[in-house]
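Asker: Sequence:
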Amino acid sequence: MRVHLLGVRGSTPAPGSEFVRYGGFTSCVAIAHDDGAVPTLVLDAGTGIRRLTELLGGEAFHGSILLSHLHWDHTHGMPFFQGGDREDARVDVFVPDQLDGSTAFAILARGMSPPHFPIGPDELRGKWSFTNLEPGIIDFEGFEVTAVEIPHKGGRTFGYRVSDGHSVLAYMSDHCPTDLGPGPDGWGEYHEAAMALCEGADVLIHDASLVKEELAQESFFGHAAAEYAVELGRRAGVTQVVLFHHKPNRTDKQLDAIAGRFGPTPEVLIASESVVLQL
Numbered sequence: 033m034r035v036h037l038l039g040v041r042g043s044t045p046a047p048g049s050e051f052v053r054y055g056g057f058t059s060c061v062a063i064a065h066d067d068g069a070v071p072t073l074v075l076d077a078g079t080g081i082r083r084l085t086e087l088l089g090g091e092a093f094h095g096s097i098l099l100s101h102l103h104w105d106h107t108h109g110m111p112f113f114q115g116g117d118r119e120d121a122r123v124d125v126f127v128p129d130q131l132d133g134s135t136a137f138a139i140l141a142r143g144m145s146p147p148h149f150p151i152g153p154d155e156l157r158g159k160w161s162f163t164n165l166e167p168g169i170i171d172f173e174g175f176e177v178t179a180v181e182i183p184h185k186g187g188r189t190f191g192y193r194v195s196d197g198h199s200v201l202a203y204m205s206d207h208c209p210t211d212l213g214p215g216p217d218g219w220g221e222y223h224e225a226a227m228a229l230c231e232g233a234d235v236l237i238h239d240a241s242l243v244k245e246e247l248a249q250e251s252f253f254g255h256a257a258a259e260y261a262v263e264l265g266r267r268a269g270v271t272q273v274v275l276f277h278h279k280p281n282r283t284d285k286q287l288d289a290i291a292g293r294f295g296p297t298p299e300v301l302i303a304s305e306s307v308v309l310q311l
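Note that this note's numbering has the sequence shown beginning at 33, numbered continuously upward.
Read the hints as simulated data drawn from the structure, not as lab findings.
None of these values were measured; they are calculated from a predicted model.
Please note: incorrect hints may appear among the correct ones.
Simulated restraints on C-beta separations [said to hold, decoys possible]:
1) V307 - G90: 22 to 30 Å
2) S49 - G197: 37 to 45 Å
3) R293 - Q249: 14 to 22 Å
4) E86 - G143: 42 to 50 Å
5) R267 - I169: 34 to 42 Å
6) E86 - L212: 36 to 44 Å
7) K159 - N281: 38 to 46 Å
Here a beta-carbon is modelled for each residue, glycine too, at the ideal position from N, C-alpha and C.
Use the sequences and the hints to build the structure in full.
Answerer: Here it is as structure tokens:
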């Protein structure tokens with residue numbers, strides 16, 4: 033399994049010289065089966081999905097996009113994904129069912145249609161489909177994916193566990209464990225859904241929008257502290273924790289300082305758009 037971190041920022045893009053090393057595109061992770069294959073499974077479609085086109089070698093995208101939830105920073109790259117907006121593309125988009133009777137297409141069209149946007153989802157070129165997704169275990173593009181609901185403010189949110197039969201990636205881009213209580217450290221509960229997604233994974237990509245000192249003032253917006261992500265990985269026996277979904281005003285120097293907070297076990301990596309993980 034080869035994992036490309038195409039967008040690692042949360043909430044809004046972060047252009048500017050202070051954000052060059054880690055990157056300013058919003059959440060998108062693309063997964064391929066091996067070194068010779070192009071990515072066919074995409075987790076979230078923030079502005080980072082624009083970078084996926086260059087990985088396709090001039091070919092159209094044929095694959096699936098799993099949205100963790102429907103906030104702008106996880107969807108607003110979709111209509112700018114040139115590899116998918118082609119007549120010969122096949123793009124299957126899966127959206128967490130919001131339990132209000134809305135279809136995936138209708139939910140996406142709320143933000144992607146006039147007067148908010150010049151076209152609707154049905155005007156993208158190629159063969160696009162939009163499907164509601166429930167928790168469970170499903171095969172996507174030859175990967176076994178487990179979808180589990182996790183706490184996050186403002187709409188139903190899923191975490192994903194992706195396996196190719198050899199390696200396991202856990203992905204929780206937006207996660208607010210303090211919704212379930214302070215937990216043993218004051219950083220949030222190490223709850224059943226989080227542990228099930230992470231248990232024994234090779235890599236955990238996890239929301240680290242905050243640090244512990246910021247929780248009291250900012251957890252209201254639905255995010256986790258880096259300290260929680262690392263401790264969750266330790267408790268679940270994860271080999272490597274990738275801190276993800278950086279605050280839009282968190283500079284490269286500040287992210288360097290966060291990296292220095294943690295010891296060697298589990299291995300901790302600050303997510304960067306230059307990173308390709310070979311599991």
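Asker: Hint by hint, note whether the structure agrees.
Answerer: Tested hints:
Checked against the hint of 22 to 30 Å, the C-beta distance between V307 and G90 comes to roughly 24 Å, which is consistent with it. About 43 Å separates the C-beta atoms of S49 and G197, a value consistent with the hinted range of 37 to 45 Å. The hinted window of 14 to 22 Å between R293 and Q249 holds, with their beta carbons roughly 19 Å apart. Under the hint 42 to 50 Å, the C-beta atoms of E86 and G143, about 26 Å apart, miss the expected range.
Separated by about 23 Å at the C-beta atoms, R267 and I169 break the suggested range of 34 to 42 Å. The beta-carbon spacing between E86 and L212, approximately 40 Å, falls within the hinted interval of 36 to 44 Å. For K159 and N281, the Cβ-Cβ distance of about 39 Å falls inside the hinted range of 38 to 46 Å, so the restraint holds.
The earlier numbered hints that this structure contradicts are 4, 5.
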